[in-house]
Amino acid sequence: MYTREELCKVKQRKDLVQIAEQNETDLSKIIRNQRYEEELRLLQTELVNLQRWVAKKKLRVAVLFEGRDAAGKGGSIKRFVEHLNPRSMRVVALSKPTEVESGQWYFRRYIKELPNPGEIVFFDRSWYNRAVVEPVMGFCNTEQYDRFMVQVPGFEHMLYEDGVILIKFWFSISKVEQKKRFKSRMKNPLKQWKFSPVDMKGQELWDRYTHYKEQMFSKTHTTFSPWIIVKTNNKREARLESIRYVLSKFPYQDRRTKSLTTILPDPNVVARYYRHIEQIDI
Numbered sequence: 001m002y003t004r005e006e007l008c009k010v011k012q013r014k015d016l017v018q019i020a021e022q023n024e025t026d027l028s029k030i031i032r033n034q035r036y037e038e039e040l041r042l043l044q045t046e047l048v049n050l051q052r053w054v055a056k057k058k059l060r061v062a063v064l065f066e067g068r069d070a071a072g073k074g075g076s077i078k079r080f081v082e083h084l085n086p087r088s089m090r091v092v093a094l095s096k097p098t099e100v101e102s103g104q105w106y107f108r109r110y111i112k113e114l115p116n117p118g119e120i121v122f123f124d125r126s127w128y129n130r131a132v133v134e135p136v137m138g139f140c141n142t143e144q145y146d147r148f149m150v151q152v153p154g155f156e157h158m159l160y161e162d163g164v165i166l167i168k169f170w171f172s173i174s175k176v177e178q179k180k181r182f183k184s185r186m187k188n189p190l191k192q193w194k195f196s197p198v199d200m201k202g203q204e205l206w207d208r209y210t211h212y213k214e215q216m217f218s219k220t221h222t223t224f225s226p227w228i229i230v231k232t233n234n235k236r237e238a239r240l241e242s243i244r245y246v247l248s249k250f251p252y253q254d255r256r257t258k259s260l261t262t263i264l265p266d267p268n269v270v271a272r273y274y275r276h277i278e279q280i281d282i
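Here the sequence shown stands for residues 1 to 282, where the numbers follow the working numbering.
30 Å max Cα-Cα, derived DSBU-like pairs, lysine-lysine:
| id | residue 1 | residue 2 |
| --- | --- | --- |
| 1 | K78 | K183 |
| 2 | K183 | K96 |
| 3 | K201 | K183 |
| 4 | K249 | K112 |
| 5 | K78 | K175 |
| 6 | K235 | K96 |
| 7 | K58 | K249 |
| 8 | K78 | K191 |
| 9 | K29 | K180 |
| 10 | K96 | K175 |
| 11 | K187 | K175 |
| 12 | K14 | K29 |
| 13 | K183 | K235 |
| 14 | K179 | K191 |
| 15 | K191 | K96 |
| 16 | K112 | K58 |
| 17 | K249 | K78 |
| 18 | K187 | K235 |
| 19 | K235 | K78 |
| 20 | K96 | K219 |
| 21 | K29 | K179 |
| 22 | K187 | K96 |
| 23 | K29 | K175 |
Hints in this document: simulated from the structure, not taken from any laboratory. Note that the structure is predicted; figures quoted are calculated from it, not measured.
Build the full structure now, drawing on both the sequences and the hints.
Structure, rendered in structure tokens:
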């Protein structure tokens, strides 16, 4: 931190640089932070414009965020919704199903959360819990898993035919980076609530997660509902590029950042799934 006396002496940019050097401040880090915040602000402005257009056109948009634990799903959703109008936007993060819900058709409780006309809904995990987390952790049996994998393409095709716009993100994180974030959560009292018993087994069951993830891609990646892979070892990069991807999918009006930034995502960070795509969470 700089003192008031130091800042009062600043007349030119070089004076500020000199003070920063005297205090051993990492100027490159400050510049990176400023660039990130400015880029985020521009893209969030575009999200507001997109939301207004979606409401006007009465579209129904559902964005699914899936991925391994600590991949940055929640943080990205927070940046998506930070400045959106809550009247035409929702974040859905369902807890463990009740006893009654467990006896119902699996998709039923998710159907109730699908977007209404003019609304965007962000799913912090979705019905794809049954494709990866549940079989890995033993929360469903083989029959339930097999039934889901057969039904989900048909379910999503019905959504497609009914006009629901579905975007499916898979946030890809490396094993080393996941371990690093787990340790950070355990040390930070403000983030300890994010660390659960399921998270504790994430590293131990890494290969099992990989198996079910690949099964999910091979059986549920379709032309009408493709998987979009986002590399998330760099959290900030993942947030910006996933926002760009969503913006790029709609021909909304009043785009204001043409001369300031791009809404086209970096293909080195965000890419449509294909069998030989490079992933960092193998």
